[in-house]
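One letter stands for each residue in the lines below.
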Amino acid sequence: MFKEISTMKRSFMVLALAGGSLSLPASAEMDTAYYNDHYCTTCHGADGIGSEGVQAPRLAGMEPWYLKRQLEHFRAGMRGMHREDFQGTEMQPMAAKLSDESIAELVAWVGSWEYVPTPVTLEGDAEAGRALYASCSSCHGANGEGSPTLGAPALAGQNDWYLVTQLQNFKAGYRGSAPGDTYGAQMIPMAASLADDTAIRNVVSYINTLGR
Amino acid sequence: MKHSVSRREFMNLVSATLGTGALIQLGSALSLLPMTAQAASLSLATPTPGKGKVVILGAGISGLTVAWELTKAGYDCTVLEASNRAGGRVFTVRSGTVIDEIGNRQVCEWDKEPHMYFNAGAARIPSTHRNLLHYCKELGVELEMFINESKTAYMQDDNMMGGQRIRNAEVSTNVRGFLAELFAKCYTAAQLNEPFTEAESETILGLIRQFGDLDRSKMRYTGSARAGYVSGGFLEHGVQKEMIEIRNLMKSRLIGSTFTANEGETGPMLMQPVGGMDMVVQGFTRKLGDKVIYGAPVVGVQVKEDGVEVAYDHGGSRHSIAADYCFNCIPAHLMTGIPNNYPQDYLASMRSIRRGEAYKSAFQAKTRFWEDEDIYGGISWINAPISQIWYPPHGIHKAKGIILSAYNFGGGMVFTKMSQEERVEAALAQGEKLHPNYRDVVEKPVTIAWHRMNHMLGCSARWGSGFGGWTDEVQTLFDRLQQPVNGRHYFIGDQMAYHGAWQESAIASAHWALKDMDQRVRSMATQA
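Sequence lines, in order, name chains Y and L. Per my numbering, the very first residue in the first sequence carries number 1; after that it's consecutive. Per my numbering, the very first residue in the second sequence carries number 1; after that it's consecutive.
Pulled out of the complex, with its shape left as it was, chain L reads as follows:
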């Protein structure tokens, strides 16, 4: 039997070799990924006769998951969706799409071709999101690879190297070279703490040398071909690029992105559905058919002892629907404006959640100019509010493409507050630092300010007072809202997961609620 290195042994080795600082960093890197169990098999019980009516509020991914699973189990489901499309923040923009921003309605006028689309919300599927992948398989959603990290993409910061754009590979190669040289210099001290045999030392030093492409004899970093050649390489000897001193690179806080942006959920290889992320949504709605009612905003929720009564507007009149169970993925900040009889502490939890502010925008590119610069997919990083430019990994070598021109996930309000014209000018002015001819090669802008999108008014829910502000008080609020009212009304969505803004989070919350309901149904059946 082969002896595999345990995590503890590995950590000890790293600690001995690289010191405690490295150990701490490695530890957090290893726990970077929230662990997802194997795709859940729900095996829900069939409903008690006469008790199988379910109403689902909102056709976001969590609502669709509930509707699909309960339909399979034999429940009679109705999904009420306020807007005229399903999916919520799973939203793909293509020719003819209406972007229903309040006060800034846009109609997409891009070329009508299968590869000319932009995922304005969810855009990436990590291989660890087992439940979402399970549904993609079950619902026949064809997937392809999404390239998140390209070493030929750029990094730009006005504070670094006179503001010139630098290839990702140049940044990462030179930073790694510096770090490796540092490791090598510290190695003697590490060896004193935990003596290694000569053979072990050779292996470790070899690893360090390989990590940073160090000079073989002196263990020094003097530049590397990994950063790319200035010229030549095939029929002429390659001329290596000059090494860049760490002092010059560390003027930018972005440099760490060349390491963190290619691991875990933002790994270099992710997945996307062929033709747009809304193929996932269509996978569900194809199965659900007319169980989803569009243009049906909810105007009242009353939880009773033995069920839930929901009022909604549709077709110019007011309707009501009585159900045994209700699953609600309406954003919390919108639910506070809908009459209800929720317990006060349940409502207080809803009121405590703040609206997410993420912002994205895109252009139609007249040519795939990035391909002429050796870029096929991946992200360029810039120290400016647009934050990132994404190059589509699909539609390679076609005439045109859709380029993501901004993705501000933390402070999107800077764009949200602008007029459409100001948003576009900001994207052009910042983007041309990465691509000097940008202004001439892009057209037909589309902007998505999630904070102002109709029926949404926010991106992923923010619990607590800010990023990382998860306190005991927040935990209490979260726990309260996760528990159903009277065992009949469940609040779901990525807003009800610790790790929001992923489809997997929405599905996880839906599964939690389904399992809880199923237990109650089974226990009531036993009692009866």
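Isolated chain Y, as found in the complex:
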């Protein structure tokens, strides 16, 4: 059922996290000190590798400007307010509590995580997806590398199940319809041009071949 092409290889180095303000308390007694805004890893996995069990995508290696924009969009209710965008609605209340300073700190923390390859879980027709990807490439780049200038995040190396969900959400208007989400709004017609779930699966299978 699951085909894992890339294997995760991680060595267990004892490494200090960047920045002293990020440290966790040493014992259970430091009760209030324990609580901060560093909830990301519960859902998004250790060092942000993504977790399929929670359907929370990889954050490790994500562009800081994109992280910041999405956190701000979630906070403003421009993303994650549609009831059918289930994972988005899980994220939204978390972001709603954040201050500007907190977002800056979180982006710095998350930005410190090194990219790790995501496992391939999808079986689709990558060859058929190549043609479909042509319209994506104008913003997201021929190799799915993304474009800060155009405000388009990298797609290569993102969890394939996450890309599928987001394309489905854009297509249905669950994401990108909120006033103010201009980048999201651009995605709606693009996703709508993908005829059905098979087309979505195929284009994401092609993105899987782009590597990172």
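If you are wondering where the hints come from, they were derived from the structure by calculation, not from laboratory data. Just so you know, not all the hints are guaranteed correct.
[What the hints assert, rightly or not] Straight-line distance between alpha carbons at most 25 Å, and here's what the computed DMTMM-like set of lysine to aspartate or glutamate pairs gives:
(1) Lys417/L <-> Asp181/Y
(2) Lys97/Y <-> Glu425/L
(3) Lys417/L <-> Asp37/Y
[Said to hold, decoys possible] Now the in silico label distances, taken between C-beta atoms and shown as ranges:
(4) Met269/L <-> Thr198/Y: 55 to 65 Å
(5) Asp100/Y <-> Thr260/L: 47 to 57 Å
(6) Lys51/L <-> Glu101/Y: 47 to 57 Å
(7) Pro268/L <-> Tyr115/Y: 51 to 61 Å
(8) Glu145/Y <-> Gln519/L: 46 to 56 Å
(9) Thr198/Y <-> Met145/L: 53 to 63 Å
Note that the structure is predicted; figures quoted are calculated from it, not measured. Each residue gets a CB set at the ideal place from its N, CA and C atoms; glycine is no exception.
Model the placement of chain L on the given structure of chain Y, informed by the hints.
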């Protein structure tokens, strides 16, 4: 020697008396309880010298059980707990407790008194859960009775009796009366199939009459004092309540709860630890001391040929620990986000498990208003998302109490998706159908959406596509995940039992893993 009636004889008798339909129902009722063996005596072997290092991932009940049993056997145990408290879904809320829901952190501001607490997760201990009771005894956890069913509690359904609240006793008495009359009317046919002597018939009809409080001569149900009096009873003759026609009661699907909610694991009398369910957790952690490391999220698991290497964050830096054995009760859906080298089919099993959605909430009650309505413990049922209101059986006649204001065990997402304000308003709006002055007498709400609790993100694991969806495919996935990786890494917790959401399930899974490990240790010792 006394002749005892065998189960088969009993079933035959019921079949003859009440018909096959009753037989089928009775059969399922009798097998309602998963049988628990006598509290397991594990008698684990002492570790092979130099091979006794064990790391336990997660300080839930299963992890604590493993740590305690292996410590007693002479192993060197370390428990890594991501949050700042042990217990997992064994969680008691009281004054000062932080409810670490992602995006909705709450701090409990209830009066600081021993009886002012709320068991937000596990809350009841049946007398058949021998292993949990064994640990309560061993660890000195004082228990008291928990009252699950009160005949004076209410039932409310907008579809039934114009939406008015009805006492549990009125529902059950009238339903039983109807059923008994039905049995009596069918008795002649039953007698034809299996002739009874006149004396036997008299006994059986007496039983039926007693079951439903039927009229002695005509065997008809016309109401019963069991439903309670309208007035009088002691110095004036009691005025019996009018009987309620079954036609009116059966408009609600809840009425069966008056029968099923007082049997088996939800029997009328259960147990709870004095002072909160987390006394069980404290019983374990008192023994384990600094073997439990808090604020230590696991960030990597590598299973080797002869052991397991675990990476975790603690105190602002990354650490690693090498052990001979690893027992892991991290929820499966969180484990998929932690780097590991598990076999693909093992991981696939983890990915197949869905997150449970149970939701609970509670209020501080300014007065124990339920006691003024003859209610001392038990549950009121309502056909609304809050589903139940629980009255505390402890702290009787004290000034205040903590009342459970919602327990949605199947579809808690309806609350989880709401803001805190919406959750509270829903609990008040639904609860005031059971207690008209509810809004004025409760305060300081606390909500527990297990699906969003930090380090948890779900209530009891859901195998298969839904409740009762246990297929051969699911069985294969379960069996795979129960088997250890390399005989070194065990996946445990109530997620690894057929009957989840009980502490007994977590302990049973821990015991299964311990016995399996012990066999391997013994066989390796023999070979060496």
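Quick rundown of the hints versus the structure:
1. Lys417/L <-> Asp181/Y: holds, 22 Å
2. Lys97/Y <-> Glu425/L: holds, 21 Å
3. Lys417/L <-> Asp37/Y: holds, 20 Å
4. Met269/L <-> Thr198/Y: 55 to 65 Å: holds, 57 Å
5. Asp100/Y <-> Thr260/L: 47 to 57 Å: holds, 54 Å
6. Lys51/L <-> Glu101/Y: 47 to 57 Å: holds, 50 Å
7. Pro268/L <-> Tyr115/Y: 51 to 61 Å: Because 58 Å falls inside the window, the suggested range holds.
8. Glu145/Y <-> Gln519/L: 46 to 56 Å: 53 Å Cβ-Cβ, so the 46 to 56 Å window holds.
9. Thr198/Y <-> Met145/L: 53 to 63 Å: Cβ of threonine 198/Y to Cβ of methionine 145/L: about 59 Å, so the range 53 to 63 Å holds.
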